[in-house]
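Heads up: the sequence lines are chains D and F, in that order. Count the first sequence with our numbering and you get residues 1 to 413, in order. Count the second sequence with our numbering and you get residues 1001 to 1968, in order.
Calculated from the structure, these hints are not laboratory results. Hints may contain errors.
[Said to hold, decoys possible] Far from chain F, some chain D residues (derived; all Cβ distances over 12 Å): (1) Glu149; (2) Gly213; (3) Thr216; (4) Arg224; (5) Thr253; (6) Gly383; (7) Arg384; (8) Val385.
[As the list claims (entries may be wrong)] As a list, the in silico SDA-like pairs of lysine to any residue whose alpha-carbon atoms are at most 20 Å apart: (9) Lys265/D x Gly1078/F; (10) Lys265/D x Glu1140/F; (11) Lys27/D x Lys62/D; (12) Lys1262/F x Arg304/D; (13) Lys62/D x Glu1522/F; (14) Lys1866/F x Phe400/D.
Cβ atoms here follow ideal geometry from the backbone N, Cα and C, with glycine treated the same way.
Take a look at the letters that make up each chain.
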Amino acid sequence: MPFSLLKHGLFGRQVPRRIIPPAAPLKSTYDVVIIGAGAHGLAAAYYLAKDHGVTDVAVLDKGYLGGGNTGRNTAIIRANYLTPEGVRFYAEALELWRGLSNEFGFNILYSERGHLTLAHSDSAMRTMRWRAEVNKHLGVNSEVVFPDEIERMAPGIDISPNTRYPILGALHHPPGATARHDAVAWGYAAGACERGVELHMNTEVLDVLQSNGRVTGVETNRGRIRCRQALQAVAGSSSVVAAMAGFRLPIHTVPLQACVSLPLKPFLDPIIVSGSLHTYIWQTSRGELVIGGATDPYGLYASRSSLEFKEGLMANTLELFPFLSEVTVLRQWAGICDMTPDFSPVMGETPLENYYIDSGWGTWGFKATPVCGRRMAETLATGRVPEILRPFRLSRFAEFEQVGEKGAASVGH
Amino acid sequence: MSGGASRLPAPWGAYIDRDRTVRFSFEGREIEGFAGDTIASALAANGIRLLSRSFKYHRPRGSTSMSGDDGGGLVQVGDEPNVLADVREVEPGMTVVGQNYIGSLESDQASILERFKPFLPVGFYYKAFFRPRGIWNYWEKLIRQTAGLGRVDPDTPRRYYDKTYEFCDVAVIGAGPAGLAAAAEAAESGADVLLVEREPDLGGSLAFQRFDPDAFGAERTLCRLRERVAGQSNLRVMTNAVCTGWFADNWLSIISGNRLHKLRARSVVACTGVLEQPPLFRANDLPGIMFGGAAQRLIRSYGVKPGRRAVVFTSSGDGYGVALDLDDSGVDVAAIVDPGSASSGDSLTLAARDRGIRVIQGCAVAEAVPRPDKLNVAAVLVGPVSGSDFIADDRERIDCDLLCVSTATAPAASLLCQAGARLQLSESSGSFEVTSIPPNAFAAGSVNGFFDLDAVIEDGQRAGMSAAHTGDETAPAAVERERGQTRRYWFGTEHPDGLDFVDFDEDVTAHDVCDAIAEGFEDIELLKRYTAMGMGPSQGRQSALGAARLVARVTGRPLSEVGATTSRPPAFPEKFGHLAGRAFKPVRRTALHHRHVELGAQIMTSGLWLRPAYYGPEHARAQLINEEVRAVRTGVGVIDVSTLGGFEIRGPDAAEFLNRMYTLSYHRLRVGRVRYAMVLDDAGVVVDDGVAARLARNHFYVTASTTGAEEMYPALLWRQAQWRLDVDISDVTSSTCAFNLAGPRSRAVLEKLASDIDFSRAAFPYMAVRVGRLGGIPVRVLRIGFVGELGYEIHVPSAQAEALWDTLMEAGDEFGIRPFAVEAQRVLRLEKGHVIVGQDTDGLTNPLEADMGWALGRRKRYYVGKRSIEIAAAKGIARRLVGYRLVGSVGTVPEEGCLVIRRGEIVGRLTSSAWSPTLGRTIGLAYVAPDQAAAGHVFDIKAQDGRMVRAEVAALPFYDPGNTRQGL
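Build the full structure now, drawing on both the sequences and the hints.
Dropping the structure here:
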């Protein structure tokens, strides 16, 4: 038994250490204001304080800590992307992920269980080969595998050639992992606060104040807050907040839904993704199946659930795992995705000199949390966008230098 | 008596049929119940309350609600996991076992985990198992072994489920007194009504609860309401039907049997009642402790005597009714424990006192004492209440094997909340209240805060009337009556020694909640996520109230500020099978599919279609493909290309529409001619290609690729919606079949057939189209050449495709005609250097990169993507598609997708690679750096096994560079 639990048991109940500190009084001025207390905003605050000694930071959120897409995503982490820019970026994230629990002193339940992206067509097999080659060349562990091996890793999966979408092979990515998404937000929040960062929940930004092309502060429901620099990290509302700052983003916003089953005894170790069947599925350490699918076919800023989503998702899930027809859905929910034309994020500078953006996270934001937070913090602290973020700049669309990751998106869009 | 030793005589047991005994097994033991029993009721009749083990500490658990509302009654039925034992009806021969134990249910080895409780504080897994780095991977495997409840078996067959659509004016959910009154009232007002009840029969609380001392009032009321409902022809009743979801615009999911009913209702009335809530005391989770309503259900619905000696713990008249029912059914009621200080004048209360049942006023249960085997309650410790929700130390022990609790209720509002209503904690009742009910949604009865039976019925009538007149502005507004005196619920208090469970599903105790709050998780949403409260099988139906009240008490915040977490669908678990239904996966086969099968084709998936890959046995694949290629190059072959998209574009602006949509110019295309048609998106990326044939001045026939067709039609309509040109666009993809007759002998085959088309070289040149008849069948013939030979693409109505195919095969026989398929076509087109959009292009490829600048109408003012192309052209391209051949002795043949590497950097990749039987070598297409694109340039490919392979840029096309073959 781990020492920390032993101590807890032997020395009886103690007043527990406070993980999330109580909110400090809201000041009228901060060096840095971060809009959005999701994992991304909190990570940026954490690395600002830890790596750069910038601690006069306020993280504002209109709701509760990690209550947006941080608490709604399906917690899958991988680096098996398609473009060299994407692979390098997410591979740095993987390296950071592996050390986070120990860095925080708080277990985020990071679990490398392997990730299989199924291919049901010749063209999908070609894309898997392409991804595997790019990954391997850049030192990321991915390889194309075939049905017998897939069945060995995921017993019971239907590899019969007589299904509507037979499984021809898969991209196997052994470092594919999951983590407890809420814990990531709490870990970053705790670490940031420990170093002097302030969190202000239920503090909604209503306007971004500026003069001469520079941000001077934000107007909130709790009054005006002035700042030297600001970062927006509000996945799902990026266009709305950017509009407050006076610029447009090449983003369209759609809901993405997911659901979990009642807990089952463990039978599925890897994360299984099928692009053709618009389904991804993995089993949590609690035993629930987490199942997600394609984004909703309409633009919406609301996180409402729909029946149609579940119907389609389950029809597809049973194509892969016919033996799950008697398993029950416990809960469904939705998040809101800021989709970009090239399926890559938008990070870095904006038309406003001291206003930075962390957006365009579509369906791939959670896995980028540590690298994005660390590199955005570096950007704010040094005023220079690091090389690894350059390909993801907002101006790439005007410059026709997109980073095409559609081929590596986990599900159809 | 059979059916269990604890059976009560009729008329107890409304749901069971004593003439039909049902035998099944539980934990290997044969159990006898009656038809109409649930698993849990049949087991209760046989003295079994222990059903499963809890999630974290493996504590013994049974059903507390007998209605599927708690998570304690989850069992495994055969290969079916997580079945609600208190809902599932028994079936002969069913095999039932408990869940989540090691060894046996009664002596679970894993229950030792409870001893480690001090070591497993709330969120313990966040606090440990990560030092040193990477150790979690080991611990997780261990912890994972204990996770989960039910088991799935990969051999479980996929069962049959289906779906139906329903429509009505007014849907009433719940057929208790409010629901019956609402449905009757709405139907009497002329509305088409659907009444949905999850139980086997109507009545709700009227069917099992006691409303008056002589116990006949409920029955009389139910009879009266039943008659009202039965007399309506415009009122349909569904029983055994569970409404699981209430989505936008009154779209309801209702599960009944193996069918999912999808109901659209103009208005919906939720009469879902209330759910009893567990009070806080030590060991409040022991089997033998159940809600008063659960005991009443056992008695009235299933004819089961729920215990021998009972204590009733109640803070309202309902509990006195429970005591009377217990007394009537022969249970020895040891005491009624009522935390209220003064006796109420309620008729049930008076009746209980009159019977001489001991009432312990001003006291509360502080602790339940387990039997030595820990599998049931043996006694309760009762103490006097001091202050709000606290119990003094002075305890009295009362022995019992049954503790019925009726101390609090909460509205069963998960459906209402899905529809947009909100829950708020009320200071006066200490429970949730439903507020902000959205338009066209109604709540009535106890879910709406009415408890007095007359008031409940009146509220149902009001809601039914309002719902029936939804949208009718002339209807008088219904007035909601006063709720009268609200009840003050008992909540209970933390026990210093713990085991005071707030959430049974997750084994979360009051201490855990207090610790979590002290750790900073005082926001109710964070608290839920940190402790996992409300995330288990019962989704917080029995824990949300306790959690909220505890937060208020610990943080000193007013109840109204604490709030509730978001209620998410489904309201009750739904099987994957129900949601999937019959899972129609449409399969698209061409009209010639059966001919292909007869010819021994290997079938592959291509886009939405099933197509032949090649003809003949799998083991001879490579040889067969080579033969098919050779047939086309030297004789004649025919391929089914029906999967190509086909669009008719007609109207005065047809040419203008094409001009805008496609990159080449179509205004001056002569009637009877064909031109290549490439489509870009706004960013200048190639999205599809085909050909456009001008059949008349105002009529074009345009094709699209197999995989692109599905998206092209909406894309055409979308553009037309913006341009509003005078054109009509129709998708004839599936009504038209096509085959490509290709090879030097193809003309000879056609000329054998009776036709009004002159196939001679002069009369029907390359890139022309002719409309006529071939062997009596109407056709459009396009002389085009994807494979680089003399060829004719013949488009024919699907119904006549098979006849024409047969005719061609017969006519071609003397020329050695051979059907060829996708694989051979890929080789043929590659030899000819033709690009496949989607294979040789990707999501960012512009035509300049794909070496298709020739397909851009440079003098055109506009086409979709033109501006982007101009910018891209000015900027210069970063990669270029070229033909290549492998040089030197080739060990590994690199696959499509392998990378082109220069000085360690990725500069491109292979998009097509194939053995060319015509050229006798491996050829392909690849993206390389623009400065590598000149013919003869040698570049490096990293093969899939990591070896570097040399290739040389080859001029395209590989085959017939003079383009003489297709012009024959």
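If any of the earlier hints don't hold here, list their numbers in rising order. none
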